[in-house]
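Peer 1: Go by the hints and put chain B onto chain A.
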Amino acid sequence: MDNYTLIIAEKPDAAEKIALALDNTEMPRKLSEKGVPYYVAKRHGKEIVVVPALGHMYTIAAERKGRNHYPVFSFKWVPRYITDRKATGIRSWLQTITTLAKKAETFVDACDFDVEGCVIGYCILKYACGAKEHESKRMKFSTLTRQELEKAYAEPLPQLDFGLTEAGLARHEIDWLYGINLSRALTIATRKRSKRYVTLSTGRVQGPTLRFLVAREEAIRSFVPIPYWKIRAQIETDGRVFEARYVKERFENKKEAETIANSCEDKRGEIEEIALREFKHPPPFPFDLGTLQSEAYNLFSFLPGRTLNLAQQLYLDALISYPRTDSQKLPSTIDYASILKNLGKAKEYYDLTSELLLKKTLKPNEGYKEDLAHPAIYPTGNLPGRTLESSKRKVWDLVVRRFLAVFGEPTTKQNMKVYVKINGLRFYVSGRRILTQGWMRYYEPYVKIDEVLLPPTRKGQIVNVKETHLEEVFKEPPSRYNPSSLLKDMEEVGIGTKATRASIIQTLYERRYIEGKKITVTNLGFEVFDVLEKHCPQVVSTALTRKLEEKMDRIRENKEKRQNALTDVIGMLQPSLAAFKEDEEAIGEQLNDALERSKLEERIIGTCPVCKIGKLVVNYSRKTGKRFVGCTSYFKGLCKTCFPLPQRGTVRSTGKNCHRCGWPTTKVYMKRHQWILCFNPECPSKTGNEKS
Amino acid sequence: MKCAICHRKSHVGKYCRSHEKACENIFRSYEQWRKALEISWKEYLSQIANNPLTGEWTKEVVQHLLKNGEEANVKDH
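Chains A and B, in that order, give the protein sequences. Residue numbers for the first sequence, in this note's numbering: 2 to 693. Residue numbers for the second sequence, in this note's numbering: 11 to 87.
FYI, nobody ran anything at the bench for these hints, they're computed from the structure. A few of these clues could be false.
Claimed, not checked - Mimicking DSBU-like on lysine-lysine, the simulated pairs with C-alpha atoms at most 30 Å apart in a straight line are:
hint, chain 1, residue 1, chain 2, residue 2
1, A, K657, B, K77
2, B, K19, A, K535
3, A, K395, A, K535
Bound conformation, chain A alone (with noise of 0.2 Å):
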């Protein structure tokens, strides 16, 4: 085996799909050297080698060893394993591609068109293969369907797209500069105080997300509700009740309301006026990745990361495209009607694209996101061999209605409001009807239709007027971010990539900052936060944060170089760092009673329910080390209350009060198994008196 062409594929599941699709026999040969898979296809009498990377197999690293010190400002590229001891595995890995590279005549970049999949390839070419980054050819696609890959591969692109790849490296290299240095100078100064370790970290998109959640937080926290008062009227017409409102939404005065109210008691109503309004309501744009992930954690409730993982998959399966995308378009290139006729061999689109086959002409309705790499995620018309995991079935089907329903005609609905005059006060009832369905039937149990009937109805029909009454309502405050409305106003913002936004909120969990589905800045986040902004308000600033993904832009584009966006970070970060090492203590002290305070609030269970003034904290025994929860109101020699709890596994507090007893509880998780204990030994579900 000799003089072949090295394919670098991203992953081993992309290579396997590469290597079949480029076989002329679809039966390449698997080989494996050091329990490293590569495979070797036969194409028109040359031999092909598709060897697979396993992700990002290089990464950055500070020139100078050691841990404890900052600024850091000198990096080189090295292997993984050099900064990763469980990346043992890419040692190996890398030494088969030295070696398969060293007989290669040709090299061919396949990884994934996007900024990781050019540094990816990238690296493996210039350090794994022996500098061949500039003799590469790269081949580009969006599905990992046979046609297209052999497309690619009969027309490659001549060289590595450099612009991309450079800002990848810009990318890689600036988050590091920013993350190792500010978390080392956050996690030095809280161990300098506590001389505990403690990995605290913030990054340069991790900055200002924490911004948003902090101040969302604030401004929930230090609500005030405002009242105000709507009136409505019960309507009876044809034996049903209706709800009208009055014309003017919202009262800020109680009594002048109030008045309104009682001046329509005990009147009878007379319909006055029925508008009707007909409108178009147009089909969606097709999937980029945030709406992906938006709609899936609205339907599926999965989390953005999930959503990613799961298309990923569906990707390398080579049933959708390539799914980190922010494009909304489907360029005419894709053959729609191809894809259409194979979704159709599964009975449950037959229908559906049958119709949609018999229009004359199949027309995207596309958003105005592009993305130059990629079209929107659309699926490959290619059918699963084996019945799907539910979850990644879900996310497929999700895909293919949603590409049906681009397609569709847009919904009509009409809108009508019957306005009746009561004592010379208008009000109105609201209907609304769909006329004709059009996209909606493609995407329809992801869509609701919500229908209000109102009866028929004419112009100065006599209605009964059963009751008016003042609804009093408050003013609410700011709903709280969950990772998928985080994530968009990530991507409103700009801030972040397709690809980081979710690890970046994941990493906030990790990091203790935030918690639960529906966010809460925990007390440790805002201490981080109130240090950053005092010390480097740079860093957790949005604008300087979209200034630099905009230069990241350029660098793409071949405007600005590389050299140029690092000199520029490291010039703001030194005298940040500088003024942070002045007041290393008072951070220290600071972010060690954030800690302190964090720790004990995991402790705390709920309100002691025998004295009601001391709280519930888990405590170790001096004498015997075993835990057990304790009134902290004991030290004052006001409780005794204590329970024992469950020697090992986590003890956490649920929040919440137990539903029979309504004493505090905690939820135990021991290995796979977790279960809700009340402490009450009177509680009526431990002593069986509970009534049935």
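Peer 2: Relative to the frame of chain A, chain B by itself:
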């Protein structure tokens, strides 16, 4: 100086930054409540203390204001 409620550092006045913000909101919103319901300051405080939509920090400040006598606080602000 320490916050009268949570004992964290306070830079201005008797509350920390968080409780100060809640306190400002309480005083600012009273005018709207008074126009809406014509209620006294004390009634207003107990109404918002019992409202489930009221923020956590706001409730803590309300408790503190009620405990320490609302008249003095009105004058302070």
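Peer 1: None of the hints should be skipped; say for each whether it holds.
Peer 2: These are the hints, each one checked on the structure:
1. Using a Cα cut-off of 30 Å, the hinted pair K657 of chain A and K77 of chain B holds, with the two alpha carbons roughly 27 Å apart.
2. Straight-line distance between C-alpha atoms of K19 of chain B and K535 of chain A comes to about 14 Å, which keeps the hinted pair within the 30 Å bound.
3. Between the alpha carbons of K395 of chain A and K535 of chain A the distance comes to roughly 46 Å, so the proposed pair goes past 30 Å and is violated.
Checked against the numbered hints above, the structure violates only hint 3.
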